[in-house]
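Undergrad: Given next are the chains, with one letter for each unit.
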Amino acid sequence: MTAHEVTEQIAAGQLSAQEATEACLSRIEAVEGQVNSFVTVTPQHAREQAAQADQKIAAGEASNTLTGVAIGIKEVMCTEGLPSTCSSKMLESFVPPYDATVVECSRDALLPMVGKTNMDEFAMGSSTENSAFQVTRNPWNLDCVPGGSSGGSAAAVAAGEAFVALGSDTGGSIRQPAALCGIVGLKPTYGRVSRYGLIAYASSLDQIGPLTKDVTDCALVMNLISGHDPLDATSAEVPVPDYTQHLTGSVDGLKAGVPVQLLGEGIDPQVRDCVQAAIDQLQDMGLECEEVQMPHIDYSLPVYYIIAPAECSSNLARFDGVRYGYRTPTETDDINELFSHTRAEGFGPEVRLRIMLGTYTLSAGYYDAYYLKALKVRTLIKRDFDQAFAKYDVLLSPTSPTVAFKIGERADDPLAMKLADICTIPVNLAGIPAISIPCGFVEGLPVGLQIMAGPFAEEKILQVAYAYEQANNWHKQRPAL
Amino acid sequence: MAEISPEEVQHVADLARLALPPEELARVGRELNRILVYFQELQELNTDDVAITSHAVAMENVYREDSSRPSLPVEEVIANAPDSAEVFFRVPRIVDK
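Residue numbers (the numbering used here), protein chains in the order written: chain A, 1 to 481; chain B, 1 to 97.
These are computed hints drawn from the structure, not numbers from a lab. A portion of the hints provided could be inaccurate.
On the chain B side, residues computed to face chain A include the following (Cβ under 10 Å) [what the hints assert, rightly or not]:
#1 V28
#2 E31
#3 R34
#4 E44
#5 T47
#6 M59
#7 S68
#8 L72
#9 N80
Remember, it's a predicted structure, so these values are computed and weren't measured experimentally. By construction, the Cβ of each residue, glycine as well, lies at the ideal position given by its N, Cα and C atoms.
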């Protein structure tokens, strides 16, 4: 069931929030042993919130359309009184004393939280295999990865363990797992959603967004979490529209660009065929589509792998074994040894590598050649997008160059793993919004279509996505678990 | 560009406060060299007259009222500390006697 179907049935008196939440908890009971979406399941918390939601609904005091709709929240977001581990040994024992702003939105609106979802450690990865605790499996094929880093959130929604989920996206971590799990995932404009209480990876790229079964649910979650927050100085003071008002079903008068750089080499031919078919269909529906050259997109991966690790090496300096989290058992009277052992033992291999890479590119003698150069090329990439959006309302591409790959297949090949994000990374560098929606299957595994728009034009993305969804049935397919 | 030497890898690990055993230093060195080769592509682009982008969405300095608001109770904050005494975080001595 989708979230909007749940709310419709609750409104019609056919279903209670408690029954809907119990359905998710039973589903977790039934399939979690196979899928491993959650690091922590929180049934008691969910039941209390569902009971409160039913009281509010009965009294006609529900504060949001989504009141009573069970949600899963990624381990990277702070939840007061409930573990927030970032899927890292470093934060295994961390229980935040406060809520992230998005969690507060969800809690205030009484969305029963059924659990905290698994992820690549500190959101670094594209398969959720980098979790320190467990490997999450793709509900469509349990031998395959769910994508990452928000793989737990994507798998939970696809498997019916939660109606909606929140993820975070630094280089594709919402959109790529959404694509690989056959659901909808939106990375909003940088600043659209508060990052307060999001454990930082790369602060100029990170953004929180929804993972849902369809576009209507995506619009509803965006209505819940968007807006300015005085606690996040980078959150934007831009008015938030009612996103559901833009789900018209029409693409009349809109123009789309198709960046040739994102449909060429490196994209699996069967994935390309699916995406091309979706583009052709949108064109038949009245969306004016044409190819566009965005030459600097080709440099996105090296730019990203300089900027993101640089910011991570700075952000993760706070994990030192003093105020919270893991501390080495090594006895020492030297504070630097305490830091160094704590960090070497608390962080996993991918996190250590990215901290090393970022520390190196920021270090004396290399700063100009790497970090400064990357920030300049970032400007060129952003310029390509600015020019494209002067002409087009949206841009279309695949979300991921392949469908879900086998667990373990790319674990020893970090560069192959990083290619999973070639279509999504440019979006984070430009700070713009983009969605992934289901647009077909290759050998039983879902394919995602990415729709991008200019800053704060989420409503255009949702309009095109909804129109496509209405003309297809991909989003109604469910894995046979 | 020259390969990053084992000594440099050790230096970076020291800067990053990571006590890595020799085999891990070797692994990280290999990975860094593989990745750094890949970064050379960027040198193809002339960026002499290009300004940097540190934040994609342009933003003015954000100011707020200099007013107080409640902070977290000390007991709640200290509860997450791996080693504490009363309301203090306990660490090895950092100043000489």
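Undergrad: Tell me if M59 (chain B) is really an interface residue toward chain A, meaning its C-beta lies closer than 10 Å to one of theirs.
TA: At about 7 Å, which falls below the 10 Å cut-off, the nearest Cβ of chain A leaves the hint on M59 (chain B) intact, so it holds.
Undergrad: Could you check if L72 (chain B) really has its C-beta closer than 10 Å to a C-beta on chain A?
TA: Holds, because the Cβ-Cβ distance from L72 (chain B) to chain A comes to roughly 5 Å (cut-off 10 Å).
Undergrad: Do the numbers back the hint for R34 (chain B), that is, is its least Cβ distance to chain A under 10 Å?
TA: 7 Å, holds
Undergrad: How about T47 (chain B): closest beta carbon in chain A under 10 Å, or not?
TA: 4 Å, holds
Undergrad: Would you settle whether the hint for V28 (chain B) is holds or violated, based on the nearest Cβ-Cβ distance to chain A being less than 10 Å?
TA: 5 Å, holds
Undergrad: Would you check whether E31 (chain B) satisfies its interface hint, that is, whether its CB is within less than 10 Å of any CB in chain A?
TA: Because about 6 Å separates E31 (chain B) from the closest Cβ in chain A, which is inside the 10 Å limit, the hint holds.
Undergrad: Holds or violated: N80 (chain B) as interface residue toward chain A, Cβ cutoff 10 Å?
TA: 4 Å, holds
Undergrad: Taking the least C-beta to C-beta distance, is E44 (chain B) closer than 10 Å to chain A?
TA: Since chain A brings a Cβ to about 8 Å from E44 (chain B), closer than 10 Å, the hint holds.
Undergrad: Under 10 Å is the threshold here; is the Cβ of S68 (chain B) close enough to any Cβ of chain A for the hint to stand?
TA: 14 Å, violated
Of the numbered hints given earlier, the model fails hint 7 alone.
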